[in-house]
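Produce the entire structure from the sequences given, and follow the hints as far as they go.
Quick mapping for you: the protein sequence lines, in order, are chains A and B.
Just so we're aligned, residue 942 is where the first sequence starts under this note's numbering, counting upward by one.
Just so we're aligned, residue 942 is where the second sequence starts under this note's numbering, counting upward by one.
Among these hints, one or two may not hold up.
[Claimed, not checked] Derived pair list, reagent style DSSO-like, types lysine-lysine, alpha-carbon separation capped at 30 Å:
{"no.": "1", "chain 1": "B", "residue 1": "K1281", "chain 2": "A", "residue 2": "K1281"}
{"no.": "2", "chain 1": "B", "residue 1": "K1259", "chain 2": "A", "residue 2": "K1281"}
{"no.": "3", "chain 1": "B", "residue 1": "K1052", "chain 2": "A", "residue 2": "K1137"}
{"no.": "4", "chain 1": "A", "residue 1": "K1052", "chain 2": "B", "residue 2": "K1137"}
{"no.": "5", "chain 1": "A", "residue 1": "K1084", "chain 2": "B", "residue 2": "K999"}
Quick caveat, the hints were computed from the structure, so don't treat them as lab data.
Values in this document were obtained by computation on a predicted structure and should not be read as measured data.
Protein chains: 2
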Amino acid sequence: MNAEIVAAGTELVLGERINTNSAYLAVQLAEIGVTPVLHTIVGDDEEAFVAVLKRAVKESDLVIITGGIGPTLDDITRQTAARVAGVPLVRDAKALERIEGLFRSWGREMKPSNAVQADFPKGAAVIDNPRGTAPGFRMRVEKCEIVVLPGVPSEMKAMWEASVRPTLVGASGEAIVAKSINCFGAGESDITEAIKDMMAPGRNPLVGDTAEDAVIKVRVRARAGTYDEAVGLIEDDMAEVRSRLGQLVFGQDDDTLESVVGGLLISRGLTIAVAESCTGGLVSKRLTDISGISAAFIQGIVAYSNASKTALLGVAPKLIADFGAVSEPVARAMAEGARKSAGADYGISVTGIAGPTGGTPEKPVGLVHVAVASRRGTTCRELRLRGDRAQIRDRAAKHLLNILRLDILSGD
Amino acid sequence: MNAEIVAAGTELVLGERINTNSAYLAVQLAEIGVTPVLHTIVGDDEEAFVAVLKRAVKESDLVIITGGIGPTLDDITRQTAARVAGVPLVRDAKALERIEGLFRSWGREMKPSNAVQADFPKGAAVIDNPRGTAPGFRMRVEKCEIVVLPGVPSEMKAMWEASVRPTLVGASGEAIVAKSINCFGAGESDITEAIKDMMAPGRNPLVGDTAEDAVIKVRVRARAGTYDEAVGLIEDDMAEVRSRLGQLVFGQDDDTLESVVGGLLISRGLTIAVAESCTGGLVSKRLTDISGISAAFIQGIVAYSNASKTALLGVAPKLIADFGAVSEPVARAMAEGARKSAGADYGISVTGIAGPTGGTPEKPVGLVHVAVASRRGTTCRELRLRGDRAQIRDRAAKHLLNILRLDILSGD
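Right under this line is the structure:
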């Protein structure tokens, strides 16, 4: 069973907004065995939209459209779908009542323009929108099912989950399950070298990889008659990949370095204090992204100036004068000072030159020192990072979290 | 002059990676008067790719393809373009030499598989890739020009800028210029209400808006014979929008609240210290995203625990006991403590309940107090924010930065 995913919106086709709906739906479809073969973005040009949809219903078993069902003149998905189906638009009394009720509940008057959101191609089934005013709809055109959802991601996802996904599960007669094993600390080529025999094209499971912001995700994707069979197929490969890559593996699927480290701290009852210079709060921010981290995270200090390093972390001014703020002795003193001042199990630190200015021949942009202090001593590491300011800060934070992860695990 | 933008990659069509290349190219094309009418994403299915490209060259004057020109088996853009043009692939000796030279300069041996990156449809012009091993190419098929660039965004953008954009400027005979005026502090409907007469469809300039993460961008887009004429057309509208929206406007185009606030601090020689609880370092992180901020940013303190609020910011334990950590008195004490301990011109603070847990009937998830302290006194604000943990943290940081912005401006 094949699907095309269409996103409607002039702001999308003009590049003013990034389309994330189609990727979300693609992952969802693949999980239930529907193969996404094409994504299309089209603007509010009705002729172009009609042409896309006429072609799509011929080529695919399922077409999911997001967007273009708001109340404004450039919302043309309703009439486009009606034209392709060769039916008129008709107003749905129940849907209209629901929209009017929503406005009443907000204490606002419904503008007449909002009534068009209750218009649907004749014969279409309405899909309730529990989070907004624009209902979706679904209809059959020849052998193809068309499903129309709003462009607002939160509304689209809620409607997909509640009303569309359940009706499609099992419809394709097969399932594709994909899982990823997430790695950090080596380059993409080193990782693929270790598993290249598993990456042969056409193999089932299919093993591949993607690299994004220095995190390498090894993906194992299996196709089978049922979801359970597909899961069974990937389990051996997942174990093999994990065993070959060892400590480079920090988690799987949606795991991030911070979610894994946060989980380790919380589950082991460990506390932490953070001292940052060049990352400017990014390490603390990432750790506190994790719900429940208040059990572990005591405090973070962004000691951007040298005076702050001394006043807040107790770094001796002589250390800074002798070695410079970006140096192993200062990173060590920051981590140990952070640990001591908070009375935490762990103190971690990062100091470096994120650029674009501030580099020297001896201490170039990208030079970063990180340190992890615990009762078992202090681990320091010098990093030489490439990229722009944002990339250097990102990589520095990731390396620090990864060294902390390995340190926690080594204490087991 | 119309264009279709095609992104090739199985990881894109399966939704495992978000496509940002097409949006980048769409904005670039619109600026030089080429209208993007369709974006398509296709995987490594050669028949599907051929069908897309055959249709695209009939419908558009220009087709830009990104991706699928790497060395692996699933990189099929070269042969697809050759099939659609009806020509064979031929190896380009100069391109091959350049790829071999790159590997030599890295001290690595070129694998035989990399040689396919020097294969091009016969008659195509090679586009140098200054940042990677995969050269692009361009060719004419019937009345359509096809331009092929790599999928790696940094390589694609460098090649677009250096080799493609300059050859297309002026080719369309018209220019579209779009600028945005960035607003914060009011809902989308309040903002559009103030400018609704300017938002009439078909008007030139066309005025529209997009909302993303509580920032409303009012876009003014003009079409004219030349770039300069189009710029002239939008200037009056830009001034009118700014005058109607007043203090809600914080900047334009790529300006963010932090870049604007950072710029204000640096240009006025003001210093700042940050005290955060629920945002966990996000405010400090955003301010230190700005290159050159070290002149203004002294330190940030993430006082997550009550003990840290007392030890690092001097918040009286009785204040926390009497009013709770999430309260106006504690926000005020945090901001004033941050200012004092750093000796800064400004101390700013945020304390709140980001959720999903920790809320009570009196202090629900989303309750946030922010404060801005300066020599002119302390401004406090209570916020009631909606959304998930990440959204509440994001909005809290934005409100705080915006209040700081207004405070700095009010001191003029």
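We went through each hint and held it up to the structure:
Taking the CA atoms of B:K1281 and A:K1281, the gap is about 23 Å. The hint holds against a cut of 30 Å. Straight-line distance between C-alpha atoms of B:K1259 and A:K1281 comes to about 25 Å, which keeps the hinted pair within the 30 Å bound. At most 30 Å may separate the alpha-carbon atoms for a hinted pair to count; B:K1052 and A:K1137 meet this at roughly 14 Å. Taking the CA atoms of A:K1052 and B:K1137, the gap is about 14 Å. The hint holds against a cut of 30 Å.
This hinted pair checks out: A:K1084 and B:K999 have alpha carbons roughly 26 Å apart, not beyond 30 Å.
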